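So the sequences go chain by chain: U and F. Be aware that the first sequence starts at 10, since it is given in this note's numbering, and climbs by one per residue. Be aware that the second sequence starts at 56, since it is given in this note's numbering, and climbs by one per residue.
Think of the hints as simulated: they come from the structure by calculation, not from any bench. Keep in mind the model is a prediction, meaning the values are calculated, not measured. Please note that a few of the clues may not be correct.
DSBU-like cross-link-like pairs, simulated, lysine-lysine; straight-line CA separation at most 35 Å [stated by the list, open to error]:
(1) F:109 / U:87
(2) U:51 / U:92
(3) U:87 / U:66
(4) U:51 / F:147
(5) U:66 / F:154
(6) U:92 / F:109
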Amino acid sequence: EPEVTQTPSHQVTQMGQEVILRCVPISNHLYFYWYRQILGQKVEFLVSFYNNEISEKSEIFDDQFSVERPDGSNFTLKIRSTKLEDSAMYFCAGSRTGSTDTQYFGPGTRLTVL
Amino acid sequence: GIQVEQSPPDLILQEGANSTLRCNFSDSVNNLQWFHQNPWGQLINLFYIPSGTKQNGRLSATTVATERYSLLYISSSQTTDSGVYFCAVDGKDALNFGKGTSLLVTP
Numbered sequence: 010e011p012e013v014t015q016t017p018s019h020q021v022t023q024m025g026q027e028v029i030l031r032c033v034p035i036s037n038h039l040y041f042y043w044y045r046q047i048l049g050q051k052v053e054f055l056v057s058f059y060n061n062e063i064s065e066k067s068e069i070f071d072d073q074f075s076v077e078r079p080d081g082s083n084f085t086l087k088i089r090s091t092k093l094e095d096s097a098m099y100f101c102a103g104s105r106t107g108s109t110d111t112q113y114f115g116p117g118t119r120l121t122v123l
Numbered sequence: 056g057i058q059v060e061q062s063p064p065d066l067i068l069q070e071g072a073n074s075t076l077r078c079n080f081s082d083s084v085n086n087l088q089w090f091h092q093n094p095w096g097q098l099i100n101l102f103y104i105p106s107g108t109k110q111n112g113r114l115s116a117t118t119v120a121t122e123r124y125s126l127l128y129i130s131s132s133q134t135t136d137s138g139v140y141f142c143a144v145d146g147k148d149a150l151n152f153g154k155g156t157s158l159l160v161t162p
């Protein structure tokens with residue numbers, strides 16, 4: 010069964026550094042998402058992406074965040090200047106036909122900002 | 056936005072016991088998913104169930120869309136069922152998650 014993959018599984022960085030989190034969605038999916046989960050809290054939506062552009066973003070997704078799908082297979086989340094409060098698990102997800110369809114989640118990247 | 060409330064927040068069971076987890080939501084939905092977050096943090100899809108009833112082994116789920124709730128049943132619980140169970144519903148182009156039910160199954 011196809012799976013969503015994410016790399017790295019764990020990233021440790023210094024405050025102020027840039028990080029790029031990578032995801033390879035399932036090949037026939039057209040809608041892509043990033044979510045985050047701060048330790049002990051619920052999963053929160055960051056951004057959705059369709060047809061090579063952002064379709065929705067939450068209040069969390071401010072100017073320090075960006076997403077792109079550079080080569081038709083990878084889907085990346087960039088945080089330009091990390092803050093301590095960016096420490097969280099970041100999940101990539103995808104679906105075939107949008108938010109009313111099943112979303113399949115990757116295993117997550119645990120980001121630790123020191 | 057749509058509100059998602061899960062109950063109970065915490066649950067401790069002895070191995071072999073049955074349990075019911077509840078998810079209430081504040082508006083009509085076209086997507087409802089149940090997830091199990093394992094101790095390693097991975098979100099495992101359990102059910103896509105915007106309405107009706109589904110079963111998968113010892114787990115089953117029922118969503119009554121007209122009354123805006125969903126139930127997840129775990130029968131004959133095992134220690135590997137421990138973790139956090141999340142309900143999520145479609146909001147504006149994304150899933151809105153509840154706060155989860157933390158389940159501990161003891162031997």
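Now the hints, each set against the structure:
no. : hint         : result
1   : F:109 / U:87 : violated, 38 Å
2   : U:51 / U:92  : holds, 20 Å
3   : U:87 / U:66  : holds, 14 Å
4   : U:51 / F:147 : holds, 18 Å
5   : U:66 / F:154 : holds, 20 Å
6   : U:92 / F:109 : violated, 43 Å
In this structure, the earlier hints numbered 1, 6 are contradicted, and the remaining ones agree with it.
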